[in-house]
Amino acid sequence: MYFLASLSERRRGQLAALSIAAVVIVVGVPLWWRTTETYRAWLPFSQIKDLSKLQLHLSADVEVVFARGTLTPEQQKKLPLTQTQDEEHAVDENTVLRYTHEIKYRTATIMEEEALGKPTAAEADLSLHMLSESPCGSSVVYVIPEVSSLLPENVKVYIGQRRTAILRINAEMRAGKTVEQLLAVLKPQIKQVLQVMSFSHTDITAALSDRVRFNPGSKESMTHSMRAFTSSPGYEITFSLLNPDPRSHRLHWDIEGAVQTYIQPFLTKLSPLANFSIDSQMLHYAMLGVNPRYNNDRGAFILHADSLAHVINPVEARLGSNAASSNPVLNFLLYVPDAQHSPLYIQDHKKMDVPSNAFHSPRWGGIMVYNVKNLYGPEAEFPVNININMAEVMGVFLTQLRLLVGMESSPPPPGFLVAPCGSVGLADWELDRLMWSRSVENIATATTTITSLAQLLDQIGNIVINDNIAQQVSSAVTSVQLAVAELEAGNLGFALQYSKETILASEKAFFDPSLLHLLYFPDDQKFAIYIPLFLPMCVPILLSLLKMASEARRRYREKQAKKD
Amino acid sequence: MYHIKVSQFGRSISYFYLRLVFISPRFVQNSAGQFFSSGHTNNWAVLVCTSRFWFNYRHVANTLSVYRSVKRLGIPDSHIVLMLADDMACNHRNPKPATVFSHKNMELNVYGDDVEVDYRGYEVTVENFLRVLTGRLPPSTPRSKRLLSDDRSNILIYLTGHGGNGFLKFQDSEEISNVELADAFEQMWQKRRYNELLFIIDTCQGASMYERFYSPNIMALASSQVGEDSLSHQPDLAIGVHLMDRYTFYLLEFLEDIHPSSKTNMNDLFKVCPRSLCVSTPGHRTDLFLRNPESVLITDFFGSVRKVEITTEVLNLTHPIQRVEGSPVNGESHREVYSYVDQLPVSEIIHQKPKQKDWHPPDGFILGLWTLILLVFFKTYGIKHLKHIF
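Protein sequence lines correspond, in order, to chains A and B.
The working numbering numbers the first residue of the first sequence as 1 and each following residue consecutively.
The working numbering numbers the first residue of the second sequence as 1 and each following residue consecutively.
Hint data in this document are derived by calculation from the structure and do not stem from the laboratory.
Any given hint could turn out to be false.
[Stated by the list, open to error] Partial list, derived from the structure: chain A residues whose beta carbon lies under 7 Å from chain B: (1) Met-226; (2) Thr-230; (3) Pro-233; (4) Leu-308; (5) Ala-317; (6) Gly-320; (7) Asp-348; (8) Val-354; (9) Phe-359; (10) His-360; (11) Ser-361; (12) Arg-363; (13) Leu-515.
[Unchecked claim] To list a few chain A residues with every Cβ distance to chain B over 12 Å, as calculated: (14) Thr-100; (15) Ser-271; (16) Asn-275; (17) Phe-276; (18) Val-311; (19) Ser-409; (20) Pro-413; (21) Gln-455; (22) Gln-481; (23) Asn-491.
[To be verified] Chain B side only, calculated, beta carbon under 10 Å to chain A, not exhaustive: (24) Gly-121; (25) Arg-131; (26) Pro-139; (27) Ile-258.
Being a predicted model, the structure only gives us computed values, none of them experimental.
The beta carbon of each residue, even a glycine, is placed where N, CA and C say it ideally should be.
When you get a sec, could you build the whole thing from the sequences and use the hints?
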């Protein structure tokens, strides 16, 4: 409606409308924008993008020591010599693996010769170990002549309990050759030894299963990757004694002593990898879920391998756990059959008795059946006191524990003799192998976690990124880079430590409770929310601006008309 | 598939044509060679009932029936996350307290004495459900409330309640959309929290909930298509409400025939509750699943058949056991004194300062209200230059 207002009034009105519009645009819109935006701390997105292309370079030092009698004097003059073996594999388009072995060739010292003169390989190994301790991740191969009686007849390579191996060289291999030719002949043999003692391509790719999915490889590697637990900062181990028949058997087991003697040294040696906590329990009246069949020929009850799979579930429901943490739990059960169903033997698929009378389940634990029928006669007074032979039991459990932690179970190549792993249950080179694969697994998992977190935060613009998450991500990224650098330098201990740090930081960042994206707003809902708020405010402003514009145009046209 | 074509054992032994696709060592392996086909080592189940109030008794009964089947087939309580939005067994309208029946005439009580509910009542929210799935729980959450699956876990997810086209209603006050669910599954896939996932939903227009999935290795079943309603099965006159939904009723009937070593596969599960019985048309989605549904066993998801290996070689430990030092033989054992933490720290609560809340500028409603008041004020007092606006 047009009012006949004076010019000054009209001028004041226009000024008021303009200033309201100015305040809305200059102050209101930025204020609204700032108060409705989500706080997102800065993340190193470019570095994270670089992480998606993983180039792992594993390197290890190897020393090859020639004993007396293996080299001719002219060959000996060329030593010491250093060579590098390099191998590169592209696992997929984002992952490249490079393996480097720095091999130093030298001759043996007097003391090493003396050690190699011992009667058996085990003693030689022990005295060699006394002389020098190889650092973590390295290996030493001693080459002995054919005439040496250290190794038995058909054995070509002896792998000791620490990081040494003894390789026997044939006479015709070294005759009339220069050093280079000799080393070239030795190279495949050394490589075979290193496949067993140091990292090998198969188990490193198995450790990368987080990044490289759907790559079954061989059946062996798939079972191996399914059997071992994934990398975790800690594990809980529970030993349970199941007594279904307390009326007949009163069982005594010295679990504390057994754990202290047999299991604890093993776990202490594994402590760079993870923390382990142990507890134990006794369960009475706990039955197996399966009825064993009586076999007349054997005079015993038989549990066939096919029914073993159904044993675990009913028992697991009864097992308590001391799990206040979210760490994976390994259960080791010792089952003493009741008097009516004794003795109980496990048969494999070929209907042969299993000598250990035990079985294990991947990523869960193991069960052993301990028969006590032979310990008492029929006239014994029930309940019978029975002391369980913990050495036998712990032997089985330690084997199962080794498998579940990730040791290789495949037999060594022909001609190889691997020393039994001693009282600790773990050879040094086995620990090294575990550390290599664990570091690689941690790095692979951490990189996928970080890259998928970055992708997620990028995609969903509504998630709030707090400062602590940004800090965790940054520290995870730095730790990954450090771990990769340490692997390349060959420092296995530091690499494992950094990889543990990075996986802790990346998991903490990814699983932070504040990163939950609950705010999915479809566009029509957004309009429905904002229109009732802003439309009533904006309509008067817009109308007044339009009126001013039309009036200005009219005046301009009048002025034009007046000019003509 | 392998073709063996053996020529006649008569004269012409010249042509012996044998083509094996699989290398023979696989034949010699154990018949539990399902070990390698499914690739999982443990099973988890997340069973969610999203509706409360007495007349939604059937949703709780649905979830408890699936819980019962899953437990019977072997999944332990530690691997089941059961979320029930309301307590029907102890509801004061329940004429038979401490029971939840799934068949009329009170044939089957699915609320036994070993039901372990992990999230109950108002704890069943969209946020908690998504937190369970993605693992983003506060550090104080106990183990039983977490989904601690790894990359070799097969997970069964069962949802029931009231739903619509693209959403599922939680607690009558909030809803989860199919996009959020698909994103949650994608986050699970990114973090390798599952090997294979079976998603079953029994709501109206349930098929809309799995339309948006895009992560691999998910198989989905729904009780009705978009635009159809899932109907309930039968009321019980004594209890006064409907006891089960049709789809879950026939699903339960189907599962009662399954035992831990049965070899029924997923194609039979797809046939459960045809249109004649269910009135709605159940749907399924298998395009994201890598294996052929025919080769997937029901027990791969509903049961928990453990893979087992025989321990062949054993370490020989010969050294004797050491005595553990510090054993309380001498009689004076140092006992630790334990005390309870103060359950209700009244003094702290009374003297608590009010929490400092961050200052927010007034939101849109307040701004609009004040603008309106100002304009009315100016209009009333007739300040003339505002005539240019109105």
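To see whether the hints hold, each was checked on the structure:
1. A least Cβ separation of about 6 Å between A/Met-226 and chain B falls short of the 7 Å threshold, and the interface hint therefore holds.
2. Proximity of A/Thr-230 to chain B holds as hinted, the smallest CB-CB distance being about 5 Å (cut-off 7 Å).
3. At its closest, the beta carbon of A/Pro-233 sits 14 Å from a beta carbon of chain B; the interface hint therefore is violated under the 7 Å criterion.
4. Because the closest C-beta pair between A/Leu-308 and chain B is about 4 Å apart, less than 7 Å, the hint holds.
5. A distance limit of 7 Å between C-beta atoms decides the matter here; for A/Ala-317 the minimum to chain B is near 5 Å, and the interface restraint holds.
6. Violation of the interface hint for A/Gly-320 is found here, the shortest Cβ-Cβ separation to chain B being roughly 10 Å, above the 7 Å cut-off.
7. Given hint, A/Asp-348 at the interface with chain B, holds; its Cβ is 5 Å from that chain's nearest Cβ, closer than 7 Å.
8. Taking 7 Å as the C-beta cut-off, the interface hint given for A/Val-354 holds, the closest approach to chain B being about 5 Å.
9. Taking 7 Å as the C-beta cut-off, the interface hint given for A/Phe-359 holds, the closest approach to chain B being about 5 Å.
10. At about 6 Å, the closest approach between the beta carbon of A/His-360 and any beta carbon in chain B falls short of 7 Å, and the interface hint on this residue holds.
11. Contact between A/Ser-361 and chain B, as hinted, is supported at the beta carbon level, the nearest pair being about 5 Å apart and thus within 7 Å.
12. For A/Arg-363, the shortest C-beta to C-beta distance to chain B is roughly 5 Å, which falls under 7 Å, so the interface hint holds.
13. A hinted interface residue such as A/Leu-515 counts as satisfied when its beta carbon comes closer than 7 Å to some beta carbon of chain B; here the least separation is about 6 Å, so the hint holds.
14. Residue placement check: A/Thr-100 keeps its beta carbon more than 12 Å from all beta carbons of chain B (closest about 29 Å).
15. The beta carbon of A/Ser-271 is kept farther than 12 Å from every beta carbon of chain B, the shortest such distance being approximately 19 Å.
16. Every C-beta of chain B lies more than 12 Å from that of A/Asn-275, the closest at about 17 Å, which supports listing it as non-interface.
17. Non-interface call for A/Phe-276 relative to chain B: holds, since the shortest CB-CB distance, roughly 18 Å, exceeds 12 Å.
18. The Cβ of A/Val-311 does not lie farther than 12 Å from every Cβ of chain B; its closest approach is about 8 Å, which violates its non-interface assignment.
19. For A/Ser-409, the non-interface assignment is contradicted: its Cβ lies about 8 Å from the closest Cβ of chain B, within the 12 Å cut-off.
20. With a closest Cβ-Cβ approach of about 17 Å to chain B, A/Pro-413 is found to remain outside the 12 Å limit, as its non-interface label requires.
21. Chain B draws A/Gln-455 into its interface by the beta-carbon criterion, the shortest separation being 8 Å against a cut-off of 12 Å.
22. No beta-carbon of chain B comes within 12 Å of the beta-carbon of A/Gln-481; the shortest separation is about 22 Å.
23. Chain B leaves A/Asn-491 outside its interface by the beta-carbon criterion, the shortest separation being 28 Å against a cut-off of 12 Å.
24. Nearest Cβ of chain A to the Cβ of B/Gly-121: about 20 Å, over the 10 Å cut. The hint is violated.
25. Here the hint on B/Arg-131 is kept, as its CB sits about 6 Å from the closest CB of chain A, short of 10 Å.
26. Because the beta carbon of B/Pro-139 sits about 8 Å from the nearest beta carbon in chain A, less than 10 Å, this interface hint is met.
27. Restraint check, B/Ile-258 versus chain A: the minimum CB separation of about 14 Å is more than 10 Å; hint violated.
In summary, the structure is inconsistent with hints 3, 6, 18, 19, 21, 24, 27 from the numbered list given earlier, while agreeing with the others.
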